[in-house]
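Trainee: Next come the chains, spelled out residue by residue.
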Amino acid sequence: MSKRIDVKDLNVYYGDFLAVEDVSINIEAKSVTAFIGPSGCGKSTFLRTLNRMHEVIPGARVEGEVLLDGDNLYGPGVDPVAVRSHIGMVFQRPNPFPTMSSRDNVLAGVRLNNKKISKGEADVLVERSLKGANLWNEVKDRLEKPGSGLSGGQQQRLCIARAIAVEPQVILMDEPCSALDPISTLAIEDLINELKDQYTVVIVTHNMQQAARVSDKTAFFNIAGTGKPGKLIEHGDTHTIFSNPVQKATEDYVSGRFG
Amino acid sequence: MTATPLTSTQGAGRAGDKVFSGAALAAGCLILAVLFGVALFLVIQAIPALTAPAGKIQGGQGFFAYIWPIVLGTLIAAVIALVIATPIAIGVALFISHFAPRGLASGLGYVVDLLAAIPSVVYGAWGAAFLAKEIAPAYGWLASNMGWLPIFAGPASTTGKTILTAGIVLAVMVLPIITSLSREIFLQTPKLHEEAALALGATRWEMIKMAVLPFARPGIISAVMLGLGRALGETMAVALVLSSGALTASLIQSGNQTIAAEIALNFPEASGLKVSTLIAAGLVLFIITLAVNMIARWVITQHKEFSGAN
Chain A
1261 MSKRIDVKDL NVYYGDFLAV EDVSINIEAK SVTAFIGPSG CGKSTFLRTL NRMHEVIPGA
1321 RVEGEVLLDG DNLYGPGVDP VAVRSHIGMV FQRPNPFPTM SSRDNVLAGV RLNNKKISKG
1381 EADVLVERSL KGANLWNEVK DRLEKPGSGL SGGQQQRLCI ARAIAVEPQV ILMDEPCSAL
1441 DPISTLAIED LINELKDQYT VVIVTHNMQQ AARVSDKTAF FNIAGTGKPG KLIEHGDTHT
1501 IFSNPVQKAT EDYVSGRFG
Chain B
6 MTATPLTSTQ GAGRAGDKVF SGAALAAGCL ILAVLFGVAL FLVIQAIPAL TAPAGKIQGG
66 QGFFAYIWPI VLGTLIAAVI ALVIATPIAI GVALFISHFA PRGLASGLGY VVDLLAAIPS
126 VVYGAWGAAF LAKEIAPAYG WLASNMGWLP IFAGPASTTG KTILTAGIVL AVMVLPIITS
186 LSREIFLQTP KLHEEAALAL GATRWEMIKM AVLPFARPGI ISAVMLGLGR ALGETMAVAL
246 VLSSGALTAS LIQSGNQTIA AEIALNFPEA SGLKVSTLIA AGLVLFIITL AVNMIARWVI
306 TQHKEFSGAN
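Read top to bottom, the protein sequences are chains A and B. To convert, count from 1 in the first sequence and add 1260; that's my numbering. To convert, count from 1 in the second sequence and add 5; that's my numbering.
Keep in mind the hints are simulated off the structure, nothing from the lab. Warning: the hint list may mix true and false statements.
[Claimed, not checked] Now the in silico label distances, taken between C-beta atoms and shown as ranges: (1) B:Q307 / A:N1397: 49 to 59 Å; (2) B:S111 / A:D1276: 20 to 30 Å; (3) A:S1411 / B:F69: 31 to 41 Å; (4) A:D1276 / B:G33: 28 to 38 Å.
[Stated by the list, open to error] So these bits of chain A aren't anywhere near chain B, every CB distance computed over 10 Å: (5) S1345; (6) P1358; (7) Q1507.
Where is the CB? At the ideal position from N, CA and C, for every residue including glycine.
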């Protein structure tokens, strides 16, 4: 069910502005890869190119290839809508649909891709997805209540349940804990550890301890200065990046000397 | 660092607060006072008509017999206007907010706003002089092909000056109101929710159904109610377009009348009890508008829990 991602020579533009330059990276299936780096270095932008979500912004485009198990996501005839149903995404701020109940939130993606679903199947799927997101025990008695009435951490896990309900091959997380308290953050980190048994997980984080705790591989992005494109500086085993990085910039960043 | 006494109640900030809260309170009270004054005026002036013996009211059968056909006529015209205008307005608003390229969107938005600036008498003249004539053959076709429906029963008006024409003119007039309000609401849809839908693999239309329309629902209802308010109260356009008469079910014959047009057409030559009767008709229109707005508010609060405000 999970697939690997290989990125070759990817440039990301907003109009004429080159935001991310020449990134090549291999992301293993069933692993957690963390993107770290200072603000504005393009790690979120790059993450969004992996499921073609950056195209939502007018003028955004890419050059290069993103291969999902060998299939180019930017090949001719590839439908971004289909890409996004294979590669799920969790956002910085929890964003359950406020007009839907918790249950309908979980089912939102499934109802898109497979319109007809019986009530029995839906019940099974809701329970499985919410259990997968470690949220079942907390919401099982109030599935029909609005999802926006949950706490921030619960909302974020509801969003994860919504993402895994469509059984994607990859889950992208864009700073999923930055709006959460430490306890909720811990819950999400535990969840990421479980998710990697089934999914390829890519997470952007500002929190280096978090990257060290949850990821198998870490990629460090940096930017030479304002207006310059972001670049991938170094990519390797998390342990190596944090203890014995090759690049001086990486060492400075992970040791807290800048950024 | 200079210590500021904690007990100080003076200072410019505090005075500004008082002025502002006083002004806000006065504005709020003024609205209530004006509304109350209007209601009081209508009731006092209407009492003679409501208490007069049935024979003295126009038509000779009492106020109720006089008013209910034109109440129905008003509602029919307003409903026609909304049925036509609402889907078009929502479509245009969605096109401007989510589909059109940026340059086209702002131009189109400007044109729509311009529609609202055209005086209603101009719409009335257009409806009477142009639309009625052009649409009359279509009424003939409706009468001969769909005449079995009571609302399209023949013989169709040959001048085209019918309640349906009036409704269409009203639809054009309320279209810009509903469109600009809906567009503003659609533009306020949180990016987060739109992206949530897109990231699940929603197409643009599915994203709109999932994130934009549910979010905008209360706003759309408010916009439609504002449009309804204009359609119910519109005078000149109806007075010019409609060749009025007794209440009929058919929308394509002459006949029917609306309250606002009835008042406008008869007020200049009215005197005595007739004035009271017309003001009482105005009171009824006032009550209808009030009731419609209250129902709309009630509908909106039914879904408060899911509004996203929590």
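Trainee: Hint compliance check: list the failing hint numbers for this structure, sorted ascending.
Mentor: Failing hints, ascending: 1, 3, 4, 5 and 6.
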